[in-house]
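So the protein lines, in turn, are chains A and B.
If you read the first sequence in my numbering, its first letter stands for residue 2, the second for the next number, and so on.
If you read the second sequence in my numbering, its first letter stands for residue 33, the second for the next number, and so on.
Worth double-checking, as some hints may not be accurate.
Stated by the list, open to error - Just the calculated beta-carbon pair ranges, DEER-fashion:
#	chain 1	residue 1	chain 2	residue 2	range
1	B	Ile322	A	Ala28	34 to 42 Å
2	B	Trp45	A	Leu147	39 to 47 Å
3	A	Gln133	B	Ser248	18 to 26 Å
4	B	Val60	A	Trp198	21 to 29 Å
Quick caveat, the hints were computed from the structure, so don't treat them as lab data.
We put the CB at the ideal spot given by N, CA and C, even for glycine.
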Amino acid sequence: MNAAVQARPAVARGKAGARAARWIAYAIVAIGALFMLAPFWFMVVFATHSRSEIFNLPPPLWFGSDLAANFKLLTERIPFWRNLGWSVYVALMSTALTLLFCSMAGYAFALMEFRFKKALFGLVMATMLLPQFMNMIPMFMIMDSLGWIDQQRALYVPGAASAFGIFLMRQFAASAVPRELVEAARMDGCGEFSIYWRIVLPLMKPALGTLALVAFIASWNNFINPLIVMRSLPNYTLPLALRSLQSTLNTEWGALMCGSAIATIPLVVLFAIASRQLIAGLTAGAVK
Amino acid sequence: MRLPAFLRLSPRWAPYVFISPFLVLFGVFGVYPLCFSLYLAFQSWEPTGGLKAMEYVGLANFSFALQDEWFWKALRNTLWLAVASGVPQHLVEIPLAAFIHTSFKRLRDGVIAVYFLPYITSTVAIAIMFNSLFSTDYGMINAALGALFGMAHVDWLTSAAHIKPAIAFIVFWRYVGFNTVLYLAAMQTIPGDLYEAATLDGAGRWRQFLHITLPSIKPMIFFGVTLSVIGGLQLFEEPFILTGGKGGPQQAAMTSAVYLFREAFDFNDFGGASAMSWLLFAVVALLTWITHLALRVRKGAA
């Protein structure tokens, strides 16, 4: 990892030294990569071992034979399929609403003129700076007064017009949707909503894909909002349900690892398919 | 399909209709609750008593928080964790990004993906993994340290002295990839002929890194460290899950956000928790403002 530090004496020693230093740097990057992956490895390995096998010294390094037993235990302790179903449902609803609301707002901010546009966009950006903890208590209060406590809509509605999503959509619409095209359609008598639906949205497909990935993952991993508003285990999303397993005294580590691994699989699959797009999307707010 | 005239959006109103979901959601779930929390900061209130049980107490919530030993302890924990998890990691990320930038071609995306993977994993899964890896007697980390260096077992998660470094490590592990990508993006904007000219002049890689790469990404370093520290000030999920929502041995891992949550949902003091959230917000805003100023001064000087 400290490639540059390794390379320092190499300059003095010439080419052979430089090559050696380079290989050392490669080795350090590779060891670092193992280091990043090791916890995932142990999660999957522990998912196949019983509690007593995990509490061995040294701990198991290779797969065991208790995967089915662990999974059975998991489904006995929590309503696993329901929790998984809620996670999928909330993530899909959240993604759909985010795509709709953010693309609408992003299009308006990028290509339309209206009063208070600058101030309103400033407001959007300002909401990104608000620390998450400011929202914890107000979120509970508002959900309580709306009667949304323990309801899934409390998880996917509030964040659906996310500042990050609007920002991403605006940036993309500004560069990918030609103003002339929108105006020509308007001249031809195309309605405003048709312009958005038939002309703008198709042009924004790549950015919509990125935003969909980001929104899905954010919802899938969301812990803090369910923690605040969800009350009963059958209504929990997966992360919250898994944590409830952990708080009992005799934590069933095998079952817990099994559940964590299952919760991680969809993310790894998405990531394997679209890692470039996903990384670009997730770092977009910080890079620009 | 043509809509009847009265249903067709007029170009004048269309933009407002398009941003209305944002306005409505932001109003209902952003502005209104935030105002309410400011109001609540001056009230004494337990939610079980209903809205009528609210009582105006002036600045009592604030003065209570400022005299509360746990409030200060949580703030110290938070600052410690924000600095310890936010600053040293950049010493790893900058050289890592520089090396990936100059020496990886075909494997580049794969390497970045591996380092980025923890960032997209759920905090709950991460906390569960590390809860087991950091376990004192049967944890992989102690087993590895013992095997490699003959170290005695460290009680990572059960002693006040060790839980903070353990959490800082997890945060480091989680964000390495994210920050490395930021640095890579900054390095991509450095013109390649700078390096070519330096190579012609006989400058080695180390000197190129020192005299071209580092100065070029200076603004990014400042921005990246700021982002990490400000993110660290909001640390909640990792310590919360790792300590079962309590804050760890002798509250050693109780960050301000965790304490805030406990004050409201464990101790039912919503007024006090609201006051704390505004105090904490003031700290974060102040630090953000100072770094912003420092950034401006630096830009002006350069």
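Verification of the hints:
The given range of 34 to 42 Å is respected by isoleucine 322(B) and alanine 28(A), whose C-beta atoms sit roughly 41 Å from each other. Taking 39 to 47 Å as the suggested C-beta distance range, the pair tryptophan 45(B) and leucine 147(A) does not conform, at roughly 28 Å. Taken as a hint, the range 18 to 26 Å is violated for the pair glutamine 133(A) and serine 248(B), whose Cβ atoms sit roughly 33 Å apart. The hinted window of 21 to 29 Å between valine 60(B) and tryptophan 198(A) holds, with their beta carbons roughly 26 Å apart.
The structure does not agree with the numbered hints 2, 3 stated previously, though it agrees with the rest.
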